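There are 2 protein chains.
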Amino acid sequence: MPSSRLRKTHRLPGRFFFLKYRHMSATTQFDLPDFLATRTEAVNRALNRFLPSEKTRPATIHKAMRYSLFAGGKRMRPALCLAAAEACGGSDAAALPLACAVECIHTYSLIHDDLPAMDNDDFRRGKPTNHKVFGDGIAVLAGDALLTQAFEITAQAKGWPRYPHRDLILEIAKASGSLQLVAGQVADLEGEGKKISAGELRYIHERKTSALLCCSVRLGGMSANCTPTQLRALTDFGYHVGLAFQVIDDILDVTQTSEQLGKTAGKDTKAQKATYPAIVGLEKSRKIAGQLTAKAFAALKAFKGRAGALEALAEFLLKRDK
Amino acid sequence: MPSSRLRKTHRLPGRFFFLKYRHMSATTQFDLPDFLATRTEAVNRALNRFLPSEKTRPATIHKAMRYSLFAGGKRMRPALCLAAAEACGGSDAAALPLACAVECIHTYSLIHDDLPAMDNDDFRRGKPTNHKVFGDGIAVLAGDALLTQAFEITAQAKGWPRYPHRDLILEIAKASGSLQLVAGQVADLEGEGKKISAGELRYIHERKTSALLCCSVRLGGMSANCTPTQLRALTDFGYHVGLAFQVIDDILDVTQTSEQLGKTAGKDTKAQKATYPAIVGLEKSRKIAGQLTAKAFAALKAFKGRAGALEALAEFLLKRDK
Chain A
-1 MPSSRLRKTH RLPGRFFFLK YRHMSATTQF DLPDFLATRT EAVNRALNRF
49 LPSEKTRPAT IHKAMRYSLF AGGKRMRPAL CLAAAEACGG SDAAALPLAC
99 AVECIHTYSL IHDDLPAMDN DDFRRGKPTN HKVFGDGIAV LAGDALLTQA
149 FEITAQAKGW PRYPHRDLIL EIAKASGSLQ LVAGQVADLE GEGKKISAGE
199 LRYIHERKTS ALLCCSVRLG GMSANCTPTQ LRALTDFGYH VGLAFQVIDD
249 ILDVTQTSEQ LGKTAGKDTK AQKATYPAIV GLEKSRKIAG QLTAKAFAAL
299 KAFKGRAGAL EALAEFLLKR DK
Chain B
-1 MPSSRLRKTH RLPGRFFFLK YRHMSATTQF DLPDFLATRT EAVNRALNRF
49 LPSEKTRPAT IHKAMRYSLF AGGKRMRPAL CLAAAEACGG SDAAALPLAC
99 AVECIHTYSL IHDDLPAMDN DDFRRGKPTN HKVFGDGIAV LAGDALLTQA
149 FEITAQAKGW PRYPHRDLIL EIAKASGSLQ LVAGQVADLE GEGKKISAGE
199 LRYIHERKTS ALLCCSVRLG GMSANCTPTQ LRALTDFGYH VGLAFQVIDD
249 ILDVTQTSEQ LGKTAGKDTK AQKATYPAIV GLEKSRKIAG QLTAKAFAAL
299 KAFKGRAGAL EALAEFLLKR DK
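Chains as they are written, first to last, in our numbering: chain A, -1 to 320; chain B, -1 to 320.
Among the clues, some could well be false.
[What the hints assert, rightly or not] PhoX-like, lysine-lysine: derived pairs with alpha carbons at most 25 Å apart:
id : chain 1 : residue 1 : chain 2 : residue 2
1  : A       : Lys125    : A       : Lys271
2  : B       : Lys53     : A       : Lys193
3  : A       : Lys172    : B       : Lys61
4  : A       : Lys130    : B       : Lys302
5  : A       : Lys53     : A       : Lys130
6  : B       : Lys61     : A       : Lys193
[What the hints assert, rightly or not] If the Cβ cut is set under 8 Å, some of the chain B residues that face chain A in the computed set are:
id : residue
7  : Ser89
8  : Ala143
9  : Arg164
10 : Val184
Hints in this document: simulated from the structure, not taken from any laboratory. Every value quoted in this text rests on a predicted model; they were computed, and no experiment measured them. Virtual Cβ for every residue (Gly too), placed ideally from N, Cα, C.
Excised from the complex, chain A in its bound form (with noise of 0.2 Å):
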């Protein structure tokens, strides 16, 4: 469970549903807090290693790639890497390359879907999106150069008998390409201001979150040489979390206002966007929430304690107010 301080700023007030699965944490002292901030800078570190530097000819590119990728993002997926590897009994030496390659790969979607030609969004995190800074083309660009670096990135990780390199870029262009990350966009593009059913909108969330997610999570376990029986509870932990996320997501876009959230609420409703509770409704959508996190959480179980900061990451995750 999360320490005190992350616990108080997570709480939900008057989103008690949550409540009943507190008593599936086997850690109540994991310290979050400090696993994010250790593991969040180990993985800045590797990054700002892994990349070509700002001055790197044409330092436009490295620019504009480093600008959305220090932006100050969670890093959620890297810590989520990180803590499968660790439930595994791996080490964050094998597994950050992984982390490092799921981040870009996530900067890279982010820029992408931010362009005027998609989503046509002017301010990510409080700040400029890539393209208001460095223009369409350039951020186009450094969108397909991070993309092409996460598996540049992999390629360097280090591999196992069970689980080669061929296996581990797979992994991350399966997440990435047209049946996954790239058909959630389209989809998501594809279904703005029209009805679409609630089939659909998990069709959406399994792509553009569940995917990355699932493989972020499987990608820590490789790294520490998981058995097949671990891989198949991060993907199913993995699974369940993208999609817990993202209806909760569209939860607090309807119940929470603008200054709880810290960005536009309402904003999904607003741009024709399907969300789970115009389409089935709030409390509906507070029961499908309960029951992702619930399954989320009961695949945990195979790792038998190890999977402490796994488990207070989908706290922070799914356990939250903004």
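The hints should help you fit chain B onto chain A, whose structure is shown.
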């Protein structure tokens, strides 16, 4: 040397500086049209197998990916990859996945280069560009998905102890990343309308063209478990063919009519793009093209008569009038 039919089509009236390299051709009877026809068909079949069908959900993205991938490209990079494999005693079967991967990279780069945010081209190979048919958002995503697909396909190629998947992936990632292919496009964008030096123009051509040509032949060699000496020769060959190709392209843009080229002549000049003739003059450009061509052919000596296909392809690319 190409067959008489091909020689006739590609003989260059008035551009006799090439003739002195003719004697280097080791294979006087190489049937290039047959080689290109059979290999193009094999590559198309393989690409069709590797890519999700047009009906696979979301259909839009797979239609968009296939639209550009099967838009009548000459498959020069795949052909070079297969020819390099043959020169090193390898098989088409082992080289085919890598040949398909480089074609996916090439196609992705064209889709993104054509975007309004970059070169803003409405037509390519006489057909509307990807974004004109599918919209800018889907075109960005189709490029992203093809780039990702290239790595997925590479991971499925056969590796060798000397050239494991790790190396194959690094080969493609480095050739396509922020220091090569993307760097070339960035420098090209930034150089538009500016007076640039011959050195800067060479920097662009090396990255926009040579990097992926080099990668194509190197991957072909690697698929054949080539010797380090052969790999060096292929690198040398790919690099010089790429550069020579670009210089010749620049020359043809100013010396040939639109009718002769089958595309708009003088386009580079009009777009205020730097060209060799504009920077160093037509005569010096021809001299440079001749020198680069000579170096490309010289690199093939390492293959002692087995480089018939590579030699014929180089002649096809460098001794052309359009």
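**Study point:** chain A contact restraint for Ser89/B - C-beta distance below 8 Å
**Key:** violated, 20 Å
**Study point:** Agreement of hint Ala143/B with chain A interface, Cβ distance less than 8 Å
**Key:** holds, 4 Å
Point to revise | Proposed proximity, Lys193/A with Lys61/B (alpha carbon, max 25 Å) | key: holds, 24 Å
Review point. Regarding the pair Lys53/A and Lys130/A, is the alpha-carbon distance no greater than 25 Å?
Key: holds, 21 Å
**Study point:** Restraint check for Lys125/A with Lys271/A, where alpha carbons must lie at most 25 Å apart
**Key:** Roughly 23 Å between the alpha carbons, so the hint for Lys125/A and Lys271/A holds.
Review point. Is Lys53/B close enough to Lys193/A, meaning Cα to Cα at most 25 Å?
Key: holds, 22 Å
Practice item. Report holds or violated for the interface hint on Arg164/B, using the least CB-CB distance to chain A and a cut-off of 8 Å. Key: This hint holds: Arg164/B lies near chain A, its Cβ roughly 4 Å from the closest one there, short of 8 Å.
Check your understanding: Close enough to count: is the Cβ of Val184/B nearer than 8 Å to one in chain A?
Key -> At 4 Å from the nearest chain A Cβ, Val184/B passes the 8 Å test, so the hint holds.
Check your understanding: Does the structure keep Lys130/A and Lys302/B at a Cα separation of 25 Å or less?
Key -> violated, 55 Å
Review point. Between Lys172/A and Lys61/B, is the straight-line Cα distance small enough, at 25 Å or below?
Key: This hinted pair holds, its Cα atoms lying about 18 Å apart.
Violation of the numbered hints given earlier is confined to hints 4, 7; the remaining hints are satisfied by the structure.
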